[in-house]
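With the sequences and hints as input, model every part of the structure.
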Amino acid sequence: GTAMIDGHMVSGAQNIFFAQLASKSTTQFSVSATRFMSGKFPFMIFGLPGAALAMYQCARKDKQKEVGGLLISAALTSMLTGITEPLEFTFLFVALPMYVVDCILAGASYMLMHIFNVGVGMTFSGGLIDLTLFGILQGNAKTHWVWIVIVGVVYFFLYYFIFRFMITKFDYKTPGREEDTEVKLYTRKDVENKKAAGKSAGASDFVSALILRGLGGKSNLVDLDSCATRLRVTVTDAGKVDQALLKQSGASGVLCRGNGVQVVYGPQVSVIKSKLEDYMDTPESEQTDMEAVAPPSETSPEPVETEKKKDVVLSSCMNGTVVPMAQVKDEAFAAGVLGEGIAIEPADGNLYAPADGTISTLFETKHAIGMTTTDGAEILMHIGINTVKLKGKYYQYHVKKEETVHKGDLLVTFDLKAIQKAGYLTTTPMVVCNTDEYKAIKPLADGTVKTAEPLLEIKA
1 GTAMIDGHMV SGAQNIFFAQ LASKSTTQFS VSATRFMSGK FPFMIFGLPG
51 AALAMYQCAR KDKQKEVGGL LISAALTSML TGITEPLEFT FLFVALPMYV
101 VDCILAGASY MLMHIFNVGV GMTFSGGLID LTLFGILQGN AKTHWVWIVI
151 VGVVYFFLYY FIFRFMITKF DYKTPGREED TEVKLYTRKD VENKKAAGKS
201 AGASDFVSAL ILRGLGGKSN LVDLDSCATR LRVTVTDAGK VDQALLKQSG
251 ASGVLCRGNG VQVVYGPQVS VIKSKLEDYM DTPESEQTDM EAVAPPSETS
301 PEPVETEKKK DVVLSSCMNG TVVPMAQVKD EAFAAGVLGE GIAIEPADGN
351 LYAPADGTIS TLFETKHAIG MTTTDGAEIL MHIGINTVKL KGKYYQYHVK
401 KEETVHKGDL LVTFDLKAIQ KAGYLTTTPM VVCNTDEYKA IKPLADGTVK
451 TAEPLLEIKA
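Here the sequence shown is numbered in this note's numbering, starting from 1 and rising by one per residue.
Worth flagging that the hints you see were computed from the coordinates, not collected in a lab. Treat the numbers as computed from the prediction; the structure is a model and nothing was measured. Warning: the hint list may mix true and false statements.
Pairwise CB distance ranges (calculated) [as the list claims (entries may be wrong)]:
no., residue 1, residue 2, range
1, F161, G69, 18 to 26 Å
2, L410, K61, 13 to 21 Å
3, K400, K275, 20 to 28 Å
4, A422, G260, 15 to 23 Å
5, F161, Q420, 31 to 39 Å
Using N, Cα and C, we set each Cβ at its ideal position, and we do this for glycine too.
In structure tokens:
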């Protein structure tokens with residue numbers, strides 16, 4: 001807009017503000033000129049630090065110290081200078097709905113500042129430095145800057161409670177909430193790289209395309225989730241599910257019950273789910289004709305000399321009572337879809353390493369753990385049936401991924417009584433995932449067993 005100041009016609013909002021700032025005749029700054037500036041102060045100085053506090057308090061206890069250092073610096077940057085990128089791009093990267101809420105609250109801030117006739121301008125952004133220079137030092141009579149503080153305090157609590165609710169309710173992976181992910185805040189470059197990666201993956205991910213087609217197409221999916229070993233999918237029409245296609249994608253088994261479908265892939269399922277979700281965000285996922293998605297070209301691999309397997313004896317991973325795998329009340333385990341093995345009904349809440357080896361797989365929900373023995377046997381221990389739904393409650397890991405462990409080392413503790421009280425069976429299968437690489441899997445015990453007693457013989 002334009003304004004007449006000391007006999008001169010001035011154009012442009014910022015030019016008008018600074019002309020008024022230099023004029024001795026100014027009794028109140030133009031609210032019309034500053035309406036696209038004043039609105040920044042409440043959410044940049046007060047609101048986003050509230051969001052930072054929410055993210056800090058929602059982080060895992062063992063990562064709060066690391067997260068706190070990052071968030072304090074980001075919050076202070078927003079408060080002092082109005083630079084919000086590290087915080088706002090973190091919303092955009094990990095949880096778009098949180099960014100949408102941020103945009104709505106930011107828009108409301110501009111509206112409120114205009115309603116309360118706040119006339120504070122700025123040079124760069126809506127931080128405390130500009131508020132002090134162009135609001136506080138100019139006097140409340142000219143700028144009505146006090147309203148920024150009043151609305152800002154309300155915004156701090158709004159951001160804090162809304163963001164804390166969203167993070168915990170929808171389990172958004174804000175910094176410090178992932179088990180094995182690097183603690184960091186995100187930038188514009190991270191968001192752009194994620195988009196680029198999604199596009200490139202969508203053009204070449206034949207396996208994801210195969211899975212999606214096997215589930216009846218994107219439009220047939222109602223819900224997509226996973227546990228330690230399988231995709232758990234709810235579909236609109238179970239008749240559209242093609243089990244043959246799903247097995248071509250690498251699934252070792254498919255279980256259908258009503259509109260619920262479980263596709264068994266083993267411990268690598270979390271990677272498969274992640275790639276499938278990325279693929280579903282691409283235009284290629286809308287295609288229903290599999291011929292439109294070219295499979296990767298096959299090249300003859302050079303012959304690799306495989307190491308000869310050795311016999312392995314696994315000790316009991318917990319104190320309890322032996323349960324034959326066929327009697328486990330889970331179709332995938334009972335049918336041996338995940339591999340052969342044995343199960344234990346635990347007597348206490350401790351799970352130990354059944355052999356020397358390396359931790360190969362940890363899960364966010366902590367209800368299962370995978371390890372590879374020094375002799376090459378791939379072992380999965382799954383504490384309870386359907387306990388993925390507990391989302392990590394009552395479980396605690398005592399090892400890290402790729403950590404070397406010895407037979408008898410404590411791997412996981414869990415609250416046995418609390419899990420049972422929540423209505424879940426605690427039967428714990430111990431499965432040899434690479435069963436097909438061995439001649440036989442033979443139980444060595446029945447009845448009551450104690451930790452470190454021989455339980456399972458794997459014949460090479």
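Structure-based check of each hint:
no. : hint                    : verdict
1   : F161 - G69: 18 to 26 Å  : 24 Å, holds
2   : L410 - K61: 13 to 21 Å  : 19 Å, holds
3   : K400 - K275: 20 to 28 Å : 24 Å, holds
4   : A422 - G260: 15 to 23 Å : 21 Å, holds
5   : F161 - Q420: 31 to 39 Å : 34 Å, holds
Every hint, counting from the list given before, is met by this structure.
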